[in-house]
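With the hints as a guide, bring both chains together as one complex.
Read top to bottom, the protein sequences are chains W and Z.
Note that my numbering numbers the first sequence so that position 233 is 233, with each residue one more than the last.
Note that my numbering numbers the second sequence so that position 382 is 382, with each residue one more than the last.
A portion of the hints provided could be inaccurate.
To be verified - As a list, the in silico DSBU-like pairs of lysine-lysine whose alpha-carbon atoms are at most 35 Å apart:
| hint | chain 1 | residue 1 | chain 2 | residue 2 |
| --- | --- | --- | --- | --- |
| 1 | W | 93 | W | 240 |
| 2 | W | 240 | W | 96 |
| 3 | W | 93 | Z | 267 |
| 4 | Z | 239 | W | 93 |
| 5 | W | 46 | W | 154 |
| 6 | W | 10 | W | 154 |
| 7 | W | 46 | W | 197 |
| 8 | W | 154 | W | 96 |
| 9 | Z | 151 | W | 154 |
| 10 | W | 154 | Z | 228 |
| 11 | Z | 228 | Z | 144 |
| 12 | W | 154 | W | 168 |
| 13 | Z | 151 | Z | 16 |
| 14 | Z | 239 | W | 154 |
| 15 | W | 197 | W | 168 |
Think of the hints as simulated: they come from the structure by calculation, not from any bench.
Spelled out from the first residue to the last, the chains are:
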Amino acid sequence: MAHAAAAQEKLFALREQIARLEGRSLPAMAAAKMENFAARSGGEEKLSFDIAALDDALSGGLPLDCITEIRSGSFSDAGAATGFSLSLVGLMKARKAATGPMLWIADGFTAGEMGIPYAGGIRQFGIDSRTIFHASPRRLEDALWLAEGALESKAFIATILEVHANPKSFGLAESRRLSLRAKAAGRPLFLLRHAGKEEASSASVRLLVEPAPALERPLPDGSMLGGSIGHPVFNITLEKSRNPAPLSFRLEWNLHDRQFHLARDRGKSSFHKLPAHLGASLSVSADRQDRAKALGDVVAFERAS
Amino acid sequence: MRLVAIDEVARTRSLKRGQGLAEARAMYPDIDVFDEDERADFALLEAIADWCDRYTPLVALDGKDGLFLDITGCTHLFGGEDAMLRDILARLFQMGFDVRGSISSTPGLSSAISRFGHGGVIAREGMASALGALPVHALRLDEKTVASLLKLGLKRVANLMSMPRAPLARRFGAQLLMRLDQALGTNEEAISPRRPVAPLSAERRLGEPIQTEEDILGMTAEIASSLKLRLENRGAGGKVFELVLFRVDGRVFRISAGASRPLRDPKRISGLFSERLNAIHDDLDAGFGFELLRLNVLQHDVFDALQADFSGEEGRETSLADFIDRVSARFGAGCLQVYQHQQSHIPERAEIFLPAIAELERQPQCSENLQFLPRADRPLRLLRSPEPVEAFAALVPDGPPQQFRWRHVMHIVTRAEGPERISPEWWIDDENAKERDYFRLESELGRLFWVFRLGRYGDDPPPTWRIHGVFA
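Pulled out of the complex, with its shape left as it was, chain Z reads as follows (with noise of 0.2 Å):
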């Protein structure tokens, strides 16, 4: 067992990360030791992660403890690149955390300076002297390869820029002069962030942080104005939109709501998450308030614009766009559904359900084929699954059962239509699945049921009777 992290303290006591642990003890038998636990520290990493991207949308992760930030554009913001490092690192500081950073052209440099450097800003044409004084670890290689460096006596980076490229390279492999060119920028280097770009984003920055859900949505429909010229710009409307609420102390959440018809207008967008905080209400924990909301269009399309009328009554197109948003956004895409045919005779594979939300665009164009529908009776309601029943004197081989049993309940059996015989889809079941032949039969009562026989009759195993539905 090795040390993975160590606090000031030991490192005053010369205690070092990669030690081993019965090392450790020997030196100093009253240390306090924990198990690393990688998932919990991945996830403190992502949380900081997300509290930076009030800074820059291009966040990455660098290795296990570091993250890249990609500012280029963004530091007039924040009073350029002196003051912005200065309130990262203070923030952070604020939070308890220990963190060093630096900002340079390029994110080898900014990694090597951050971990091995005295951090700061590093200007261009410093960036080869700065560099050159760091130790061959700054580099990002391989520890086989560090060893076999500090063996030979090449301990500072400055060493290696000083020695001719070829042999290096025949030496000790690309790797070594690729990551020496990525710190000094002639070879580009491209971090990944963790989120894509939004298309089209805004926020507000408050004074006062916000805890209220009023207040959000106040606050959101604002922040929804502002974007509604640039989708207008556009001629887009925005189709998923996600909120992110930046709290007091850190925190970061993210809340997204989509929409079935592309929108503009702030109140309808607002309204989306009154919806959405509605579902999650107990989730969001407002805490000591939010001081940075910030509204995202992840998704966009062509907006259709439409003329007002004088009647100024909303057409029933929006308001049914509307309940399905609002529906969607409170309970999810999956509850409200709309039914779609399948090419299929099989009746559980025939009809499925798919989300309003996603449909309601494409539904008024698309036309059904109906030459594919069955012409024999369908039921009203389909039981989920066939439920099996006892069938007592089936007229052998191929008539409807005099009475059945389903449920404990004994059924006789006055009328019977059929059979309608339906094959078994042999590219999707087995090549051995059995038929069906379904029957209507009307009880003595006069309720429709719809069973079937699944195999026939001289086979092995005998057939089976199960029931599929009812009707009206």
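Isolated chain W, as found in the complex (with noise of 0.2 Å):
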């Protein structure tokens, strides 16, 4: 009898263990059981985009106690990715009303690809570049070493761990590892992965972002300013998650509210001309004779087009 009752409570302990590590939320009982020597003192931290369709698809909102990767298709599109994890951060201060300094672990052979998070467009972004702490590790080892120490220091409300393709040194054991430092310590560690492709990980999100074209700079009075290049807007792709389709939404960034929409498609109203006056004119030639005189007569028709 009591030999059974051993087992049932290992059964069970192995259950809840199993649930803990996939994430899902635990059976009451066990929940109740867990608050004993649970670490975390806020419970489960989402951070909601506010758009019902993308939270739906997240379960609440984008969990802030793992790993969340970021991923772009080639190099040339590491700005929009860049972009969507600051975005990321950048809501997280605003709507958790979150302080503190993050860390961006950088990647030298991105820096050298594609140049180095400036700070002046960090701030236009609506993050105070002065609390970004730039790492920049020689190896892999060493990156993955300081993302280890940042989560574990839970100094950093956000780190930012850079790496480009998929490296072999990087693999499911690393990942794992990062993941339960980022679930003890309560704080998000984004992935942001430059031209790498799907791969299996311990992350509990994976995020395609491609760049889309902005929409145009609105006016005061509600219209759009034709030609005008406005807000990010971005791509995503939900690539892991709970939500077992891979969904699509393409979010425009606004910079000032420091919020997300679903991006509109473009009105066709904007007119799109080139400026009527395009600053200096030529010189009008001095030394030799002037152009041909077109010939007849010129007559005021109506434009064409």
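Written out as structure tokens, the structure is:
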């Protein structure tokens, strides 16, 4: 009898452990038991996008105590991927009223290929550049050490770890380790993978980011300024989440409100043409004859188009 | 070629330093001769000087083959002057060096006795007689003066001491009397120590040498806890620490580590060195172990004591400082950096990186003057240096290109914003540096580029196009 009870207990513990590994909510009894040794204080924190469809797909929002992978298909999309990961931090700051520094762990190869994050642009993105710590480790092992140390110290509200492609030395075991650290610390780790393929990892959410044409700049009267380039727009595909079907969204990040909107299609109404006056015109040739006069009379016809 | 050093056998065969090589070879055709390696000699002397740090922090070099140790106030730690001298000479002898030494009140006399006398400790009253018995070479004079002294029959220092000073000064210059006075202590002579003396330091001598990293770190924490009280008395915390490890065979390792905020806590101090030891793992060869450990505080600063709260949780401030210290100790100060805005319109000069370890203290106070920030859009990633692009069908004279080729890929521009003109800084760049007209260009796929035209149409050479960054 006692033997059966012990086995039952063991089974229960294992089931509980599996549930915790998978990040699922535990049964009520198990949850009550968890209270005793739960290190986390605030329960599961989620970052809501305020976009119903997206939040539903993420069952409430982006979990903030685990790895979120942000992937771009090629290096040319590095700008969009960088922008999206920074906008997540910006959203966190705006939504959770979280203050504190963030850590950017740069990848040397990406820095050489697509440059380094620029403070001027980051500031305009809605994040105070003075709160950003920029680490430039030489090797991937060092970068992993830095990420782990940063999560462990709980000093940063968010950590962005940049890698390129799918390095061998950052496999399932390493990502599992980081994921556990993030879970224990209750801090998010954004894994920014440039020019990488889909790969099995411990990230609870993986997003593919692609750039999309920006909307035009809004004018005070609600119309759009034709030919202008407004807030950044991202094409987001949920590649890995609780939701089985891969979903795509087109999100616009509003730099001023620090908020995501669903980007509408561009209206056709906005007129698009080159500026009427192109600045200084070419100087008239001084020492040669004037250009040939057009033949015939010039009649003021209606414009064809 | 001349002999600069000779061994014991050669000395018994009446060879001398400074003798011509040809002459020596003529006397003894079978001698072995090696070229002098000044750098190696100097390195050896430095290593011995490092080793001598165990006796006093004030160690200075004396020429190519001597060391000065200022042992003022140190002798009682080693059982008196006699015992100390014997200890130094015996230990160096066991390492295989033939060393002579003496202790006296002046560096000049010690040097003279060691090189030309019989060594030992010279009492204050015996200084004149000890110096008098030595040849005039002992006074550290230049060769010309020594030669002319010898020519006049002034062979011993005693001969000089008994002569009137004024004629000596007239005949041989001020240097002779200065050296004489320095040796006798009437003229002060300062030695120049190789390293500055640490404001605070503590050490442990170990009966049994230690080898493992854990032992070293444990010992470091113990030494740090003995330093803690002294730091508290000063109201200070250490910012730069140095751990000096004396290996049994005489090799000395110095490991320094910095902290972003003044530190006192022994655990955190040893934590700093734990990262340092990790970083230099391969360079630190423990051999048969370390017998003496010393912890120096090279720099300290005012320590703002914080009242601990009841929750016992460490604040974010301390954990951030701790993280920065650990990273800087492990990868160097340049690894973790913060942005700093500079007053410049040139994008690559406007934002620079500074080491976080130095800036953490200063950061909260400085508030950036926001009116100097650019109003126009700046890219999210800035290329290390602008890369040339081929632009096609640009609108002349100051419109954007309609398509451009960057890294062999053609991008077709659908929308453009600009230009934003940034003039060169003539006080840094050349006077003829060209101005840049920046455009934001959106490609068909929605990628946003920051491209500029360098120069103007109509100039010679014609303008070129560069890409400088990407937007989100």
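Against the structure, the hints come out as follows:
no.: 1; hint: W:93 - W:240; verdict: holds (25 Å)
no.: 2; hint: W:240 - W:96; verdict: holds (24 Å)
no.: 3; hint: W:93 - Z:267; verdict: holds (34 Å)
no.: 4; hint: Z:239 - W:93; verdict: holds (33 Å)
no.: 5; hint: W:46 - W:154; verdict: holds (17 Å)
no.: 6; hint: W:10 - W:154; verdict: holds (33 Å)
no.: 7; hint: W:46 - W:197; verdict: holds (26 Å)
no.: 8; hint: W:154 - W:96; verdict: holds (16 Å)
no.: 9; hint: Z:151 - W:154; verdict: violated (81 Å)
no.: 10; hint: W:154 - Z:228; verdict: holds (27 Å)
no.: 11; hint: Z:228 - Z:144; verdict: violated (56 Å)
no.: 12; hint: W:154 - W:168; verdict: holds (28 Å)
no.: 13; hint: Z:151 - Z:16; verdict: holds (20 Å)
no.: 14; hint: Z:239 - W:154; verdict: holds (23 Å)
no.: 15; hint: W:197 - W:168; verdict: holds (13 Å)
Of the hints listed earlier, those the structure fails to meet are numbers 9 and 11, in rising order.
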